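K.L.:
Protein chains in written order, with my numbering: chain A, 251 to 593; chain B, 2 to 254; chain C, 3 to 426; chain D, 292 to 700; chain E, 471 to 721.
In case anyone wonders, no lab produced these hints; they're calculated from the structure. This one's a predicted model, so the numbers in the text were calculated from it and none came from an experiment. It cannot be assumed that every hint is accurate.
Derived DSBU-like pairs (lysine-lysine); straight-line CA-CA distance at most 35 Å [to be verified]: (1) Lys318/A <-> Lys384/C; (2) Lys378/A <-> Lys712/E; (3) Lys236/B <-> Lys712/E; (4) Lys554/E <-> Lys374/A; (5) Lys238/B <-> Lys193/B; (6) Lys378/A <-> Lys142/B; (7) Lys381/D <-> Lys205/C; (8) Lys381/D <-> Lys122/B; (9) Lys374/A <-> Lys588/A; (10) Lys8/B <-> Lys242/B; (11) Lys589/E <-> Lys374/A.
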Amino acid sequence: MDQIILQFLNGLDKGSAYALIALGLTLIFGTLGVVNFAHGALFMIGAFCAVTVQRILTLSTVVEDPTKTDFLGNPAKISTPYVESWFGPEMGAALIDWSVPLAIVFAIPIMVALGFIMERGLIKHFYKRPHADQILVTFGLAIVLQEVIKAFYGANPIPTGAPEVFRGSFDFGVLIGFDPNAIIYPYWRMVYFAFAAVIIGAVFAFLQFTTFGMVVRAGMADRETVGLLGINIDRRFTIMFGIAAAVAGLAGVMYAPINSPNYHMGMDFLVLSFVVVVVGGMGSLPGAVLAGFLLGILEAFASMNEVKAIFPGIDQIIIYVVAIIIILTRPRGLMGRKGVMEE
Amino acid sequence: MGILEVKNVNKRFGGLQALGDVNLSIAEHSVHAIIGPNGAGKSTLLNCLVGKLMPDTGSVLFDGQSVLGRKPYQINQMGISRVFQTPEIFGDLSVLENMMIPCFAKRDGSFGLNAMTNMLKDREIVERAEHMLEEMNMADKRHMHSASLSRGDKRRLEIGMCLSQEPRLLLLDEPTAGMARADTNNTIDLLKQIRDQRDITIVIIEHDMHVVFSLAERITVLAQGTPLVEDTPDKIKGHPKVREAYLGETQAA
Amino acid sequence: AAHSGFTNAPTGDTVTLGFNVPQSGPYADEGADELRAFELAVEHLNGQGDGGMMSTFSSKVLDGTGIMGKKVDFVTGDTQTKSDAARASAKSMIEKDGAIMISGGSSSGVAVAVQGLCQEAGVIFMAGLTHSNDTTGKDKKANGFRHFFNAYMSAAALAPVLEQLYGTDRRAYHLTADYTWGWTQEESIAAATEALGWDTVEKVRTPLAATDFSSYIAPVLNSGADVLVLNHYGGNMVNSLTNAVQFGLREKQANGKNFEIVVPLYSELMAKGAGRNIAGIVGSQNWDWKLENEKGDRYAGTNAFVKSFGEKYGFPPSQAAQTCYAQTLLYADAVTRAGSFNPCAVVEALEGFEFDGLGNGPTLYRAGDHQCFKDVVVVRGKENPENEFDLVEIVEVTPTEQVTYPVDHPMFSGGALGSCNPGA
Amino acid sequence: MLGLTKKDFTLFVVVIVMVALAPFLLNPFPQGSSLAQMFNAGYPDLMQRFVIFGILVIGFNILFGLTGYLSFGHAAFLGVGSYSAVWMFKLLGMNVIPGILLSMVVAGIFALAIGYVSLRRSGIYFSILTLAFAQMSYNLAYSVLGNPSSNFNLTNGETGLQLLLTDPRILGQSTTPDGSLPVTNFFGIAMRDSYELRLGDWLFTFNAGYYLCGIIMLISFYISIRIFRSPFGMMLRAVKSNQQRMNYTGLNTKPYTLAAFVISGVYAGLAGGLLSSMDPLAGAERMHWTASGEIVIMAILGGVGTLIGPILGAGFNEYFKNILSKINDSVLHQWLGFLPDGIEDFLVTIIHPFVGKGWHLTLGLLFMIVIIFLPGGLVEGGKRLGGMITGRTRRSAKAEAKQRNHPAE
Amino acid sequence: MNTKPDFSKNANHAATAPAFLSVWDMHAYYGESYIVQGVSFNVHEGEILALLGRNGAGKTSTLRSIARIGTPEVRKGEIWLDHKPLHTMSSYEAAQAGLGLVPEDRRIIQGLTVEENLKLAQIAPPIGWSIERLYDLFPRLGERRMQEGVTLSGGEQQMLAIARALARDIKVLLLDEPYEGLAPVIVDEIEKTLRIIKDQGITTVIVEQNAVRALQLADRAVILDTGGIVFDGTAAEVLDNKELREEYLAI
Ligand SMILES: Nc1ncnc2c1ncn2[C@@H]1O[C@H](COP(=O)(O)OP(=O)(O)OP(=O)(O)O)[C@@H](O)[C@H]1O
Ligand SMILES: Nc1ncnc2c1ncn2[C@@H]1O[C@H](COP(=O)(O)OP(=O)(O)OP(=O)(O)O)[C@@H](O)[C@H]1O
Ligand SMILES: [Mg+2]
Ligand SMILES: [Mg+2]
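If we strip away everything but chain A, and leave its shape as in the complex, we get (with noise of 0.2 Å):
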């Protein structure tokens, strides 16, 4: 039972991950009808502002400190971050902590106007390209951010740790009346399951309460209509793709904690992100989260010994198995709507 509910908990914080990813994808995917296969690149890139906020709070100055000598035998170097210089070595401290969180703020301007650039600059063009030409340029552009965040940032992981307070873990199953370490949960993973609830809560109430939404699920049934009853469409469309850049961006920042950001992070993420839109339904944000916890939930499920034991190496496949099932028994994923990218 406490396997079951320690599991439970994972997926939903998995789910969460893909949920979040997948609300921003759908958004570009099901509402734009555009296949961007630099959503992924976005993610990556929201987990690499949250890196350049820990770098630029840690740019320290250098000087030399005679009593120690480096690899080489040169004398060392010893440094101190300029914020602790001038807010003090606690003020300064607390900051680099909390660099993370901080990087929200950083990363919003940012990535809302990438998404500008991208949508203006290059994704305008391809709204009435076919599919194959907008995943072709998409992809490319993915492999060309990735390739300039590897430039600058190497391959290699980069720690990023939460908030010393968020380290560690929380005893869940205590609460409930299980043992001791039966059921403990991080607590920076509840801040995300937070975190994405609240993304999640916003994006539904600023596309179900305004009529935002509508306006641009009807541009993209027909733009030509759409232009003819003196709606701008293009600039809601730059609006939209900037907020699911946002999202994107996001999900990455605050995800840098729980996994080390590297370059290629983005791509790890990208098929999986596709396959839960596509279960979730085409051009459904709800089917999008409602996808996205379901597969979190069934491959932590998967991935229990208990059901590795009677079908050995399900958790490498259970998602695809899933997805199959569900394409092949709802012809439109879960909650998807008719007609749309259905040809």
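Could you slot chains B, C, D and E with the ligands onto chain A? The hints should help.
P.N.:
Structure of chains B, C, D and E with the ligands alone, referenced to chain A:
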């Protein structure tokens, strides 16, 4: 018994009774028009005949065989062709190719793996398609990309495609909508000629009374999913209920 | 190239070596370090630079005039850490550029695949970073040699240290990357720890493509285990270790003992990627740049190499770099001693070759399987690293005898060296 | 001629000549020159790749170019074909023919099964179904079915399925007399045998394996022309254009799409079989989604739905993949050596991020440039070039691009 | 017949009031096909103009050019609406300047309900009739307000398309074949509606194959043939001119 027997067909969309107990018998070699207000269920009825929709209840017999539950392509192979209300053609293909496809379907059945013959060397098919284009007055457009035809031309092409299959039952959903008067007249002539020369039954839905009255031998008026009256054109013209519900003053005048 | 008895026999005044390293993909940084070492080795062979380990190497036939008077040229390629791509890249070096020796790589799958290719094509393969038992076990090849240590040796070196640190009454939980290297690593470390008296609670395979290990880590604490062994490398290891620390495993108690994590194979880059999560965690390395400073002259060559490398590139070399550098010198030396570029002559010169002064202490290239035998370094993540190059501390150096095994050891059985192939 | 129109026949002859003379065409620079290292591509492995990937993409184009069904899992068939062929070499013997035949049959069966299920959906749903099947195959091949210590080692995991001295090879020999692995051959002609022709400083390599692949590619290409021009091909284009109209015209779209899927699966299997025949090692990465993506990319790069496009796309991709990654700074210095030192260093610094370990960057940029400026791929580029030569305006080429759904050359 | 009467010469430009919508020498292309070949005409405020011609004459293309849709591409020409240069605007700006087009295939938006289709029209200024008022005009739409727009019958869709145009505060209404596919009673009704619209001072350009009906409604008529204007005059002139009717309208 007619070539097409529709019995007690019902179709609901959610709360809307689109078709209620439709009974219809269409005599072989006749031209039968179905008219009625917009939203009466005319297109829905056709959809039930060609396998696009499955009626909730009732039966549809074509030449004594039930069409219900068959796939659209099977129904077509039984000899029923349909022209849609908004033109359905192969936009990516040339006009000639559009015309060749039904010819192949007619000759080779619903599937043929003839991957190693050159389609343009298939004289029989090409000639047939060219002939049909000629008949539809479109021969000069044979190499045009069919998506860039004007709408009237698209519709003519579609009619030609259906005719080239030599169907036994031809269903036309507003074939002359949007067609210029001259072409409408041509189409009327063409349909008349086909009716006279071929072994064919035509069911036509049309709002253009000029077309209806020049072609139809019998008319069924459908209103709110149910046949209101069925009679000869002259009788229909004078029918007070029809005038009120459908024709209005101008047409009747 | 013209044929004179063997593939790509050098005819002009240069000889071409092929350095096949991961330049893209997750191991690109490791590949870059390997490439730096190769370039340095070529420089030294051609008489530029300070000569590095050439001056400490026990064999003295290399004189800085290239190899047998031929200037050393090299070509590079990208393995992408994929067997197919690595073979394609090696093929192009052999077929197009006339490379006579291929070296490099950062994974066992690639090493085995390229080694097979070199055997068939008739060139020498000097493996780069490959740690699976199979490379010199069931997939060994006459034309291939490995300077790096292997999973068995890691386990054998770690066992006494683990015993000393954590005792003999431990229950271990294994998480293993589900591919060739992971399997041999798991087999080796489980056998070695079980020999100490440890129990193995569970061996769990994790998908190679996994990026988040939470659902594998979470059940560990409640399984009755008190040690977690992470048979992961590269990004897998960085993520699984980070996850384990997130779940608070380091601070927990189990069976009345402190919960411990062991990472059998360490690398400098992994340590960097895992950041402070690595603190206090034990693992093994083929070599470390601090060896000579901390463990004395036995590891002569280390400082010479660190100096040339550090001066050229500004940071200390990784174990991958040291391996690739040593492989290049060893090849050049063997050719010179054999007096021929013929692969069969080179094989003969390398088989059973004993040497010293390349940073690992006295070393033997065993004839029976082309594995080299030398001391293994056991390291531990530093609690308070002073700089980014100083992430691990040396706990122990396990001497050669303890990590040596017979050629027909069951973990290495199933293959045959075959005979050397000069190609053409 | 050969049942082709004059235009198609001319195209076919051009391709035949290109394939036959490739060893010359691809080695324009004298051996040993610095330009050779950068640009010469006339070595057996790469030439084999050009034609093998050509076959793969020609087959993919029959499905995608004609029916518009975008399979994102085609690499699975390539992989299955590769494994099948290697198994033949392990069990039966080193003649490539049984291996190639088996790879086609097995890939065909796979395609039938996967296609039958996946074709129940269209559009993006279809793409994801094929992707899911391929990723499943990949994951199973990479670990579950590839553990050497289990009894069921079908794929040998990460390392890839390879030949062993201990393989049975019942129709051949397990080991050669001198203790090596036997090599793949075509009735005695070893695939790696080459005839080298030296003309002055130039060295041209004529490789047996390449010519075998080349001939098979030409046959595949010929068949694809015939398919494009056949009623069957037209039906496939009709599927892409309007399935609804097809159904109401009495045509059953399912068997058409399934046939196209299986044909393209067999092409992929054939390509896989040939890859293994040229180099008998089959790795699981061949089935990874990025490999499937690469097939899609090659098809688009060349020009979707065109006849020659797949060959161009495959050539372009393979060429840059193999060449760019091998350029390192020392090659650059050699190449730019004639320049004054300062300029040389400057240029090397500029170019450096785009080659060697930065080759992905260049490839990504090239993809973007081609697709942004040549919607319609390299074929479109060729047409524009042709248009410029024959003096037609750029505008009319554009107008033609609008109609590019027609089969072009 | 090669002695076509040149009706364009007697162009009835001798307008008393200045033109409200004015199209001057407009040339438009689909790719390289030259479709609208120098069309000029004027419409006065509150007037109904019938734009007639055979299939493929370029009527739709002319309306689309005026609405600035982009296909066909207008390479030359000026369009002025109430002193504003439409030819410099994009389609949404033209719409905001008071232009409304009811396109030939109605273009009801997939995935939106009837009511959402109407709401969509009221997002950008200027807003016209209220949705309730539109439902009063077309009660059938009111009954089906929550139904998905594209599942309406053909005639219902046509009503929705007109209603959608009226939901905006338009100055000029361009109608592309508004009677197509409608039952005669409904045609009567729409005609009535168009008269109501005219009484409100809205200027209308109507393209229609049912030329007689269109001419009965219109004040003036322009006849197009192969992309050029062959007649410009009053509606009554066309009805009286048998030659013209037979040649271009087959009536
Ligand atoms: N898929 C559907 N879902 C819900 N309602 C539908 C659907 N299809 C049609 N209807 C409704 O059923 C009724 C009949 O529609 P149908 O298209 O058959 O009318 P029609 O007689 O062809 O009208 P018109 O002459 O205007 O084409 C209409 O009210 C329409 O809104
Ligand atoms: N997208 C397009 N590409 C190329 N040519 C086109 C395109 N659309 C229309 N045409 C051509 O432009 C000409 C004028 O078409 P248009 O639709 O304006 O005619 P129309 O007068 O509205 O005809 P109809 O009465 O049939 O609607 C036709 O010859 C048509 O073939
Ligand atoms: Mg209808
Ligand atoms: Mg029109």
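K.L.:
Hint by hint, note whether the structure agrees.
P.N.:
Consistency of the hints with the structure:
1. Lys318/A <-> Lys384/C: Holds, at about 18 Å.
2. Lys378/A <-> Lys712/E: violated, 46 Å
3. Lys236/B <-> Lys712/E: With Cα atoms ~33 Å apart, lysine 236/B and lysine 712/E stay inside 35 Å; holds.
4. Lys554/E <-> Lys374/A: holds, 28 Å
5. Lys238/B <-> Lys193/B: holds, 21 Å
6. Lys378/A <-> Lys142/B: Given pair lysine 378/A, lysine 142/B holds - Cα atoms ~27 Å apart, limit 35 Å.
7. Lys381/D <-> Lys205/C: holds, 32 Å
8. Lys381/D <-> Lys122/B: violated, 47 Å
9. Lys374/A <-> Lys588/A: At roughly 24 Å apart (the allowed maximum being 35 Å), lysine 588/A and lysine 374/A satisfy the hint.
10. Lys8/B <-> Lys242/B: holds, 24 Å
11. Lys589/E <-> Lys374/A: The given pair, whose Cα atoms are some 26 Å apart, holds under the 35 Å limit.
Comparing the model with each numbered hint stated earlier shows that hints 2, 8 do not hold.
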